[in-house]
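Asker: So the sequence shown is numbered by the numbering used here: it starts at 12 and just counts up by one.
Any given hint could be a false lead.
[Said to hold, decoys possible] The calculated label-pair distances, taken between Cβ atoms and stated as ranges, are:
hint, residue 1, residue 2, range
1, Val-91, Gly-63, 15 to 25 angstroms
2, Leu-45, Asn-71, 13 to 23 angstroms
3, Arg-48, Glu-92, 12 to 22 angstroms
4, Pro-41, Thr-18, 27 to 37 angstroms
If you are wondering where the hints come from, they were derived from the structure by calculation, not from laboratory data. Please read these numbers as outputs of a predicted model, since none were measured by experiment. Beta carbons: idealized from backbone N, C-alpha and C, even for Gly.
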Amino acid sequence: MAKQKDTVTVRIAGEARAIAWSGGVFAGDPDLVLAARRLAAINAEVEVLPPGGYGVADENTRQGAMIAMLGAADGRGLVVEQDDDLWQGLRGDDEQPGPIY
């Protein structure tokens with residue numbers, strides 16, 4: 012079984028849908044998994060709120076996977092496991108992002 016710090020889960024607010032990531036693998040709602048994989052494959056820049064800022068989606072790191080899953084959630088995602096490591100290093104609003112998904 013994976014340790015909590017090796018996983019991250021995003022739940023969709025108001026819906027019975029969720030997506031999780033562990034060790035490079037997304038699992039959960041098929042539509043969310045497909046969208047997260049697509050965002051991660053192109054290293055999409057995604058706006059994340061709160062705490063605000065932009066991050067790059069990928070499938071190789073916990074933070075990158077969280078960003079991909081939040082992008083797939085289209086602004087309705089809630090991160091289930093919260094810790095400061097997930098939010099470290101996000102680019103601030105004053106920096107110019109690339110395309111936002």
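Asker: Next, verify each hint and record whether it holds.
Answerer: Structure-based check of each hint:
In this structure the supplied range 15 to 25 angstroms holds for Val-91 paired with Gly-63, their Cβ-Cβ distance being about 20 angstroms. The beta-carbon spacing between Leu-45 and Asn-71, approximately 18 angstroms, falls within the hinted interval of 13 to 23 angstroms. Checked against the given bound of 12 to 22 angstroms, the beta carbons of Arg-48 and Glu-92, roughly 20 angstroms apart, stay inside it. For the pair Pro-41 and Thr-18, the supplied restraint of 27 to 37 angstroms is violated, since their beta-carbon distance comes to about 19 angstroms.
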